[in-house]
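**Student:** Letter by letter, the chains look like this.
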Amino acid sequence: MPSLKDLRNRITSVKATRKITKAMQMVAAAKLRRAQEVATAARPYAERMDQMIANLGSRITDKGSAPLLAGTGRDQTYLLIVMTGERGLAGGFNTNISKLARQEAQRLLAQGKTVKMMMVGRKGAEALKRELGNHYIDRIDLRAVRQIAFANADEIAGKVLKLFEAGEFDVAKLYFAEFKSVIKQDPVALQLIPAKIPETKAQATGGAEAIHQYEPSEEEVLGDLVTLNISTQIFRGLLENVASFYGAQMSAMDSATRNAGEMINKLTLKYNRTRQAMITKELIEIISGAEAL
Amino acid sequence: MAATLNFELVTPERLVFSGEANQVVVPGAEGDFAVLAGHSPFISTLRPGVLEVTLPQGSQRLLVKKGVAEADPDRLTILAQTAVPLEELTGERLASELRAAEEQLAAAKDDHARMVAEGLLDVLKRMQLKS
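Protein chains in written order, with the working numbering: chain A, 1 to 293; chain B, 294 to 424.
Calculated directly from the structure, the hints in this document are not laboratory data. Check the hints yourself; a few may be wrong.
Claimed, not checked - Okay, derived cross-link-like pairs now, DSS-like style, lysine-lysine, Cα gap no bigger than 27 Å in a straight line:
| hint | chain 1 | residue 1 | chain 2 | residue 2 |
| --- | --- | --- | --- | --- |
| 1 | A | LYS5 | A | LYS281 |
| 2 | A | LYS159 | B | LYS402 |
| 3 | A | LYS162 | A | LYS31 |
| 4 | B | LYS402 | A | LYS162 |
| 5 | A | LYS113 | A | LYS99 |
| 6 | B | LYS423 | A | LYS196 |
| 7 | A | LYS173 | A | LYS99 |
| 8 | A | LYS162 | B | LYS359 |
| 9 | B | LYS358 | A | LYS116 |
| 10 | A | LYS162 | A | LYS116 |
| 11 | A | LYS173 | B | LYS359 |
| 12 | B | LYS358 | B | LYS423 |
| 13 | A | LYS113 | A | LYS162 |
| 14 | B | LYS423 | A | LYS162 |
| 15 | A | LYS162 | A | LYS196 |
| 16 | A | LYS123 | A | LYS22 |
| 17 | A | LYS159 | A | LYS129 |
| 18 | A | LYS180 | A | LYS123 |
| 19 | A | LYS159 | B | LYS358 |
| 20 | A | LYS113 | A | LYS173 |
| 21 | B | LYS423 | A | LYS159 |
| 22 | A | LYS196 | A | LYS113 |
| 23 | A | LYS5 | A | LYS15 |
Unchecked claim - Okay, the calculated bits of chain A under chain B, using three or more residues with CB under 8 Å as the criterion:
| hint | region |
| --- | --- |
| 24 | 42–51 |
| 25 | 133–143 |
| 26 | 147–156 |
| 27 | 227–233 |
Cβ coordinates follow ideal geometry from the N, Cα and C atoms, glycine included.
In isolation and in its complexed conformation, chain A is listed as follows (with noise of 0.2 Å):
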């Protein structure tokens, strides 16, 4: 049986983690308004890109000219490039990322593949290191960035062109948590190189498409584009991420506060109990007492 005063310290101090799960929510709700905001001013740009790309692709059937749309022709060598938080305390997000790579590494080694990793951020790095340390070629740390700019993507996307360039990997896979509401980011894998061309979506000018002029031809557009969607696609991916991981992270502080109101209203029951004893218990020390005289 606790002490009225071991009881009271414990109220306090839940307390106080409930002020720090409070706190961190509303920094966390802050920075995901400010995180969405980034990523829908960042769609226009994606969005006129996978136009283009989709128009283009549509019309060039050899697509032998860009490497990065036909890829090398083989599927030994794959790189995973996981995205993830540099921080912790959001819930099942580091974590959600982390086991759908892992679980496709396992995949690929299992039927003989090669695997090469990239790790971007640090949480999943650390997570994966025990079992597929071995295969990192790379790390990325960007916990010293405090706004993801376009710079840090196109930073990543080169290292990936580079690789590529060098024979290093025939298919590239990003990781990334999708974010789809506050309380809902979903894991997903995306295929980077060889490229997907989007399907066509009819566009509102329809006709006209058919007789644009390229320069300097249109294999060399479509092979400029899809470079550039590269970045693209990994700076949506960190953006998308950021999103998610403040989402993660505002619905766990969310129900750890709650959590943690649950147990004040707990231990406070308890503190009342144990005090209304023992006023009870010395009343009846005392009225005994005097009827003993």
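The hints should help you fit chain B onto chain A, whose structure is shown.
**Tutor:** Showing chain B alone in chain A's frame:
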């Protein structure tokens, strides 16, 4: 035919400009070209250079790098990896762009790449003299 065309300049980070423009001079990969309303459908990649937009209420010059321009009779869409208005390009920022351009020139593999890098360097140097 409309006297203005619908012009959109988009970077990965945001929509930089969207609205009506009278004329846009685009630094294309194979030379500058001006787009007026009623331009024939045309797609070109960009070389690093200065994009000049003439608006009904004045003109604006921006430094653009890497991207594509898509022109249709009534609109022009430019996807650029970076787009900085020239007046924002001063001091530190200009110096770092200059360094980047010099590196690019040093790394240029063929005549075309060298020419592009030289052109960019030239623009930046002139800017530096002005400021």
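**Student:** None of the hints should be skipped; say for each whether it holds.
**Tutor:** Evaluation of the provided hints:
Of the supplied pair hints, the one linking LYS5 of chain A and LYS281 of chain A holds, its CA atoms being roughly 18 Å apart against a limit of 27 Å. Distance hint between LYS159 of chain A and LYS402 of chain B is fulfilled; the C-alpha atoms sit about 19 Å from each other, no more than 27 Å. With a C-alpha separation of about 34 Å, the suggested pairing of LYS162 of chain A with LYS31 of chain A is violated against the 27 Å cut-off. The straight-line distance between the Cα atoms of LYS402 of chain B and LYS162 of chain A is roughly 16 Å, inside the 27 Å bound, and the hint therefore holds.
Pair hint LYS113 of chain A plus LYS99 of chain A holds up; C-alpha atoms about 19 Å apart against a cutoff of 27 Å. Under the criterion of a C-alpha separation no larger than 27 Å, the hint pairing LYS423 of chain B with LYS196 of chain A is inconsistent with the structure, at around 46 Å. Taking the CA atoms of LYS173 of chain A and LYS99 of chain A, the gap is about 15 Å. The hint holds against a cut of 27 Å. For the hint pairing LYS162 of chain A with LYS359 of chain B, the CA-to-CA distance comes to about 18 Å; that is within 27 Å, so the pair holds.
Simply put, LYS358 of chain B and LYS116 of chain A have alpha-carbon atoms about 32 Å apart, too far for the 27 Å limit, and the pair is violated. With a C-alpha separation of about 14 Å, the suggested pairing of LYS162 of chain A with LYS116 of chain A holds against the 27 Å cut-off. Simply put, LYS173 of chain A and LYS359 of chain B have alpha-carbon atoms about 24 Å apart, close enough for the 27 Å limit, and the pair holds. Of the supplied pair hints, the one linking LYS358 of chain B and LYS423 of chain B holds, its CA atoms being roughly 21 Å apart against a limit of 27 Å.
For the suggested pair LYS113 of chain A and LYS162 of chain A, the alpha carbons sit about 21 Å apart, so the restraint of at most 27 Å is met. For the proposed pair LYS423 of chain B and LYS162 of chain A, the alpha carbon gap of about 38 Å is over 27 Å, so the pair is violated. As the CA atoms of LYS162 of chain A and LYS196 of chain A are separated by approximately 20 Å, the hinted pair is consistent with the 27 Å bound. For a cut-off of 27 Å, the pair hint linking LYS123 of chain A to LYS22 of chain A stands: about 23 Å separates their Cα positions.
Taking the CA atoms of LYS159 of chain A and LYS129 of chain A, the gap is near 21 Å; set against the 27 Å cutoff, the hint holds. This hinted pair checks out: LYS180 of chain A and LYS123 of chain A have alpha carbons roughly 21 Å apart, not beyond 27 Å. The hinted pair formed by LYS159 of chain A and LYS358 of chain B meets the criterion: a straight-line CA distance of about 19 Å does not exceed 27 Å. Restraint check: the Cα-Cα separation between LYS113 of chain A and LYS173 of chain A comes to about 14 Å, which is no more than 27 Å; the hinted pair holds.
Of the supplied pair hints, the one linking LYS423 of chain B and LYS159 of chain A is violated, its CA atoms being roughly 37 Å apart against a limit of 27 Å. At most 27 Å may separate the alpha-carbon atoms for a hinted pair to count; LYS196 of chain A and LYS113 of chain A meet this at roughly 21 Å. Pair hint LYS5 of chain A plus LYS15 of chain A holds up; C-alpha atoms about 15 Å apart against a cutoff of 27 Å. Coverage of a stretch by a chain is defined here by at least three residues with a beta carbon nearer than 8 Å to that chain's beta carbons; for the region 42–51 of chain A and chain B the count is 6, and the condition holds.
With a cut-off of 8 Å between beta carbons, the region 133–143 of chain A has 0 residues touching chain B; three or more are needed, and the interface restraint is violated. For the region 147–156 of chain A, the proposed coverage by chain B is satisfied: 4 residues have a C-beta within less than 8 Å of a C-beta in that chain, meeting the threshold of three. With 3 residues having a beta carbon nearer than 8 Å to a beta carbon of chain B, the region 227–233 of chain A meets the requirement of three or more and the stated coverage holds.
Checked against the numbered hints listed earlier, the structure breaks hints 3, 6, 9, 14, 21 and 25; every other hint is satisfied.
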